[in-house]
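Student: Sequence:
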Amino acid sequence: MSTVLHTPPQTPAQADHDLAALAARHGLTVSGARPSLPEYLRRLWARRHFITAFATAKLTAQYSQAKLGQVWQVMTPLLNAAVYYFIFGVLLGTKHGVPDYIPFLVTGVFIWTFTQSSIMAGTRAISGNLGLVRALHFPRAALPISFCLQQLQQLLFSMGALVVILLCFGVPVSASWLLALPALFLQFTFNAGVSMVMARMGARTPDIAQLMPFVLRTWMYVSGVMWSIDKLAQKDSLPHVVTLALAANPAAVYIDLMRFSLIDSFHASQLPAHVWALAAGWALVAGVGGFIYFWKAEETYGRG
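By full-length UniProt numbering, the letter at position 171 of the sequence shown is numbered 171, and the numbering carries on one by one without gaps.
Some clues are possibly wrong.
[Claimed, not checked] Only pairs whose alpha carbons sit at most 20 Å apart, straight line, appear in this in silico DMTMM-like list of lysine to aspartate or glutamate:
1) LYS95 / ASP230
2) LYS296 / ASP100
3) LYS231 / ASP100
4) LYS231 / ASP264
[To be verified] Quick list of the computed label-pair ranges, beta carbon to beta carbon:
5) VAL71 / PRO38: 31 to 37 Å
6) SER265 / PHE157: 22 to 28 Å
7) LEU244 / SER174: 25 to 31 Å
Keep in mind the hints are simulated off the structure, nothing from the lab. Source: prediction; values computed, not measured. Each residue gets a CB set at the ideal place from its N, CA and C atoms; glycine is no exception.
Work out the full structure: start from the sequences and follow the hints.
Tutor: Structure representation (structure tokens):
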């Protein structure tokens, strides 16, 4: 009579523990595991040359099939400004009571386009580049940041046309123009943070990219791009809390800061209270919060 010894089957937890111990014994690690936040920052900084090169390459290729090429970088926001001037400035009369309305409008359109394009590009940063994400190992935050940098490069390229418009309409060059630099830095930080939030959401639900144009169009209409929030605040038609919310809207804050920097007829009294602190606060909340939110899902991008 033979005796058969039966080994009790392992539970899933025991099997996982044995596999983990085996991997650790041979120095194996999880592929694509999320690093710590300081390590992730270090890796992202090490890829800074890739980020700038990728942004420049995308900007160069953007209009490569058009006969006018890079001229469209300037023509697109200018054509938008012309349409808004006719509809809002002429037909709806929003230009009345606004000094230097055309510089006011063009500045608003250029600065808003920077935010709009950055967020739209960020929404598709992961879902639209799955081949790159799956083929190469790099911090995925490099993609939304590089798309925001691409839009910043496009804005700086377009600023030459904005300066010409300002001078043609009698806006003098002044020392306040230097304030545009910190304003753009804060706006870039804000845009990058929101783009990283949308990149994570878009990676999980690609259909969000179809919804975003409607959200951004609504946001544009309440951001004072074509009309003066200050003029609206002087009326009694809206509750005070609504006008405060409109003035504290981050898109409106960055637009008005640029108007204050570049247009001498746009005075400090037209800005919301503590505007620089407000702009820095939005940049800090969106930049840091968006980065951490994106980092927490680092190991999920490109899978599934």
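Student: Does the beta carbon distance between VAL71 and PRO38 stay inside 31 to 37 Å, or does it fall outside?
Tutor: violated (44 Å)
Student: Against the 20 Å threshold, does the CA-CA distance of LYS231 and ASP100 hold or violate the hint?
Tutor: Given that 20 Å is the threshold and the Cα spacing comes to 14 Å, the pair holds.
Student: Verify the CB-CB distance for SER265 and PHE157 against the hinted window 22 to 28 Å.
Tutor: holds (26 Å)
Student: Given the hint that LYS231 pairs with ASP264, test it: the Cα-Cα distance must not exceed 20 Å.
Tutor: holds (17 Å)
Student: Would you say the C-beta atoms of LEU244 and SER174 sit inside 25 to 31 Å of each other?
Tutor: holds (29 Å)
Student: For the pair supplied as a hint, LYS95 and ASP230, confirm whether the alpha-carbon distance does not exceed 20 Å.
Tutor: At roughly 13 Å apart (the allowed maximum being 20 Å), ASP230 and LYS95 satisfy the hint.
Student: Is it true that the CA of LYS296 sits at most 20 Å from the CA of ASP100?
Tutor: violated (46 Å)
Hint violations for this structure: numbers 2, 5, all remaining hints satisfied.
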